[in-house]
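Quick note: the working numbering has the sequence shown finishing at residue 174, numbered continuously throughout.
Any given hint could be a false lead.
[Unchecked claim] Restraint-style ranges between C-beta atoms, simulated for each label pair:
id : residue 1 : residue 2 : range
1  : Trp93     : Pro4      : 28 to 36 Å
2  : Ala158    : Asp67     : 17 to 25 Å
3  : Ala90     : Leu115    : 28 to 36 Å
4  : Gly3      : Glu53     : 35 to 43 Å
5  : Glu143    : Pro169    : 34 to 42 Å
6  : Gly85     : Glu143    : 31 to 39 Å
7  : Gln54     : Ala82     : 32 to 40 Å
8  : Ala56     : Gly3      : 18 to 26 Å
Keep in mind that the hints were calculated from the coordinates and are not lab data.
Backbone N, C-alpha and C fix where the C-beta goes; we use that ideal spot for every residue, glycine too.
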Amino acid sequence: MTGPRRRAWFALGSNLDDREAHLRAAIAGLRAGGVEVDRVSSLYETPPWGVVEQPAFLNAAASGLTDLSARELLALAKQIEASEGRDFRAPRWSARPLDIDIALIDGETVDEPDLRVPHALLGQRLFVLVPLAEVTGDYVHPEAGLRIASMRELCPAAERAEVVQIRGPEWAAG
Numbered sequence: 001m002t003g004p005r006r007r008a009w010f011a012l013g014s015n016l017d018d019r020e021a022h023l024r025a026a027i028a029g030l031r032a033g034g035v036e037v038d039r040v041s042s043l044y045e046t047p048p049w050g051v052v053e054q055p056a057f058l059n060a061a062a063s064g065l066t067d068l069s070a071r072e073l074l075a076l077a078k079q080i081e082a083s084e085g086r087d088f089r090a091p092r093w094s095a096r097p098l099d100i101d102i103a104l105i106d107g108e109t110v111d112e113p114d115l116r117v118p119h120a121l122l123g124q125r126l127f128v129l130v131p132l133a134e135v136t137g138d139y140v141h142p143e144a145g146l147r148i149a150s151m152r153e154l155c156p157a158a159e160r161a162e163v164v165q166i167r168g169p170e171w172a173a174g
């Protein structure tokens, strides 16, 4: 069930094994699955969130045009995560080779038990807001009424300092 062509934004994270390779695989998988990824953020190292006794994460954001529905994007994300070895039976917020969240879809909101777009916790997660601000431009969060960069700046400076850029967007090219 494809829909109109629009832009979707994704939050990417990995804290197991070759973290950067998992993130590159996420971008390749999105492209292979029907997302014309044309924007990728810098690469950031961040402390774990939720369950803090685990390795640090690498995080990034990506954006691209697609005609896939939100439900199809979720299925694609889960397929890519599985191909990178994610164990869906593991406790929530535990260590994982790859996490792909649908952060935003232009002109679309979804509020279902297993899918929320915009992502429900987007405004609380600097590891999402910082890289996402690089690829959203002037896009305004449909519920908060703020640009993503503005949402990022509203977060405490001490927490923003924990999101450390380690490479520019060229990381995605390999």
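Here is what the structure says about each hint:
no.	hint	verdict
1	Trp93 - Pro4: 28 to 36 Å	holds, 34 Å
2	Ala158 - Asp67: 17 to 25 Å	violated, 41 Å
3	Ala90 - Leu115: 28 to 36 Å	violated, 20 Å
4	Gly3 - Glu53: 35 to 43 Å	holds, 41 Å
5	Glu143 - Pro169: 34 to 42 Å	violated, 27 Å
6	Gly85 - Glu143: 31 to 39 Å	holds, 33 Å
7	Gln54 - Ala82: 32 to 40 Å	violated, 20 Å
8	Ala56 - Gly3: 18 to 26 Å	violated, 37 Å
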